[in-house]
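Chemist: Letter by letter, the chains look like this.
2 protein chains.
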Amino acid sequence: MIKITGAVKKTIEAEELSNYIGKTITIHGSIYKIRMMSGFAFVIIRTKRSLEQCIYSNEYTEYDIANLKEHMCVNLVGEVVSDERSKKGYEIRIKTVDILSHAEEETPVVINNKEVAASLETILDYRPITLRNEKERAIFKIQEGICIAVREFLHKNLFTEIHSPKIVYAGAEGGSNIFKLDYFGTEAYLAQSPQVYKQMMVGVYERVFEIGAVYRAEKHDTSRHLNEYTGIDFEMGYIESFTEIMEMETKMLQAIMEYLNKNYQSEITLLKVNLPVVDEIPAIRFTEAKELVSKTYNREIKDMGDFEPEEERLLCNIIKKKTGSDFVFVTHYPSEKRPFYAMEEPGNPEFTESFDLLFRGIEVTTGGQRVHNYKEQVAKMLKRNMNPEQFESYLMIHKYGMPPHGGLGIGLERFTMCLLERSNVRETTLFPRDMHRLVP
Amino acid sequence: MIKITGAVKKTIEAEELSNYIGKTITIHGSIYKIRMMSGFAFVIIRTKRSLEQCIYSNEYTEYDIANLKEHMCVNLVGEVVSDERSKKGYEIRIKTVDILSHAEEETPVVINNKEVAASLETILDYRPITLRNEKERAIFKIQEGICIAVREFLHKNLFTEIHSPKIVYAGAEGGSNIFKLDYFGTEAYLAQSPQVYKQMMVGVYERVFEIGAVYRAEKHDTSRHLNEYTGIDFEMGYIESFTEIMEMETKMLQAIMEYLNKNYQSEITLLKVNLPVVDEIPAIRFTEAKELVSKTYNREIKDMGDFEPEEERLLCNIIKKKTGSDFVFVTHYPSEKRPFYAMEEPGNPEFTESFDLLFRGIEVTTGGQRVHNYKEQVAKMLKRNMNPEQFESYLMIHKYGMPPHGGLGIGLERFTMCLLERSNVRETTLFPRDMHRLVP
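Protein sequences appear in the order of chains S and U.
Note that the first sequence covers residues 646 to 1085 in the numbering used here.
Note that the second sequence covers residues 646 to 1085 in the numbering used here.
Check the hints yourself; a few may be wrong.
[Stated by the list, open to error] Mimicking SDA-like on lysine to any residue, the simulated pairs with C-alpha atoms at most 20 angstroms apart in a straight line are: (1) U:K732 with U:L915; (2) S:K648 with U:A900; (3) U:K655 with S:E1021; (4) S:K654 with U:A900; (5) S:K655 with U:K801; (6) U:K740 with U:K801; (7) S:K864 with U:E832.
[Said to hold, decoys possible] Residues from chain U that keep clear of chain S, each with C-beta distances beyond 12 angstroms, as calculated: (8) M682; (9) A763; (10) Y883; (11) M949; (12) R1029; (13) R1078.
[As the list claims (entries may be wrong)] Here chain U is said to cover these stretches of chain S; the calculated rule only asks that three of the stretch's residues, wherever they fall, bring their Cβ under 8 angstroms from a Cβ of chain U: (14) 738 to 751; (15) 771 to 783; (16) 823 to 833; (17) 946 to 956.
Worth flagging that the hints you see were computed from the coordinates, not collected in a lab.
Please read all numbers here as calculations on a predicted model, not as lab measurements.
Glycine included, every Cβ here is placed at the ideal spot set by N, Cα and C.
Given the sequences, and given the hints that come with them, work out the whole structure.
Modeler: Structure below.
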């Protein structure tokens, strides 16, 4: 019997190399690129998060560079030498290299240039290796940063994180846009949102959140829809008004930008990310927003029930010009377009205590206050020809006492798309799922 | 247009009440219990995380207690008065109560006693309200703590968190235990693990992890299997041996226990959690473990290829007696029972560089080193009558250079079950999914 004590091997990270000037160290990584110069070579090592430029010269070593090939995984022994010409203040002079593994063939797409010069389709087809490109992978470090910031913020604000099931017995949002599966002979569905579960959990912990998969079987084939995405959902009890949810989201956005600014500078610089200033976010009623766009751009309003994507884009333009804000809340959406659990505006039941958040032209959040009174919720269901008996376990929360509450859902990949000013959500989705893509 | 500035309303939390002695404050929550005494009453308010005992007496207020009923959600105005008889050092004297909502009827199960005195089936049937019981909800606060500790630990150890798709084109582990769904006319599956994706991402970030849903269509109807559960998966590159994965897990377990001990004392006390000491964890080869159990308990070995659950339990007994450890690593499982990507023991191909972690009698982790060489992986697939062409996108990582790597998967709910010494994993699953349960 041997004993495992938690003695994790310490290796030198790229980020601490500047502490080792004058020393011979070992770093590990993948050979990203070899650039042969006259009399020497640059050997660029891709580590967890950075590219490290090493110098090969037969002045420094007897090791034969002919052994090295791009995409090999290696342990590299080198001397860290102070060098003012280098951006990092040092260079690594290669002494010897221990080859751990190698590529069988040339990559089908060149992945070690500044950008992957290929179509989005090709980039996605070869995702497992195109993600090795420094810019491609930086996108998902930023996405990681968003999630860390969200969790840190929500924990600090006393939200409890939950894991709700994705195999469900009925679709919360209803409709046909739902994936069906055979569950031991019963028909089951993939959750379109954690809506019912997060409401249930508000009755337990008052404030809850979840970051998890969301499924929409929509036959949309657009640049901003996915059939599986990561939802950031939070829900909070004891609110006096749905503006409290918008205040919480605004504060969360401020926390996200601050966190990224502090901890993801290398990726921000590499991707030239234009972090938005989240000082104050204007909020405008849906009807006024429709009219504002119509008037400003002399456009006919075709559907008073919802926005066209073009209207969202134009509204953001107006707001940006007027206030400088990259964000705008649109409030009080029409009741007929909002789900059965949406709370109606007091005295104005055609509208709801709800909002969307638009970010650089695109909707990234939907939220609002929910009905918490049992009789009111049952009545609203009946009015919509829904059968309350089918929602028995959901209605339990209303029946046995629920505080006034509300919450929101944010699409992580779409939010990342807007943050990075990309034109297709697939660019900011690790392994996208759409009508035509199930691989890899 | 109004402006949203992130001005989140500050309310007084139960945890800070002791700072308000002598002051009149407002707290909000659900009335958990009303206990009428002679001449006064205890009104217990359930807040986000605690129960607060308030005193009603007509000496202190003209408010009529007849207005109050259990399960109402309220804003309660009271005076915080120092009181040495109280455990918390103060009591709250009710001045007035603002009722926000009420229960329509008596709850079908009594939820406001120390325990919910009902069968597990009933507790689960009424999950949305039985979770309001202080002990039931404490379980999932502990579970939250485990996740926070895991993330904090893995981030500190430079793992990048990823979100991989759960709708997949083929089962990584193969077999028939897989949920099928119709994906726009194509057959798709629900992921049995993030295995292929976390391996792909090791080629990108070196160290990655995911906490996400895992699906197993197993027709098991046992106390420790679920059909949907939360997997904690990590995967790390540039390892020299699979013992490094066990060292990392051991250090992570140490971090979890430390975190819970520091931040979840109220739940630990309430649930009488016996936190294990994770000092050093013994590791024993599978074959030796089988023989040890057989010899110690004079049991016949029926299957040299795997453990029976009873053998796992007995092995843990032996280890506990011998070393005091609640955990034991079992290493070098037979190749025939491990998946196609498991690395074989050098010179001993019937066994693998793999391990399970047993915790108080039950397997909570499976891990090991993976094949990283392309030719070796293809050969191993062919030997198993698998068609490498069906794994083209997976094999890309091997073909274009992968470091030696390995990782593990932990079932969050099962781990929680063992930590809390419960006998059924459904007790520690928020909304369990099994062959017979899809609701709520």
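Chemist: Sort out which numbered hints this structure fails and list those numbers smallest first.
Modeler: Result: hints 3, 6, 10, 13 and 17 break, sorted rising.
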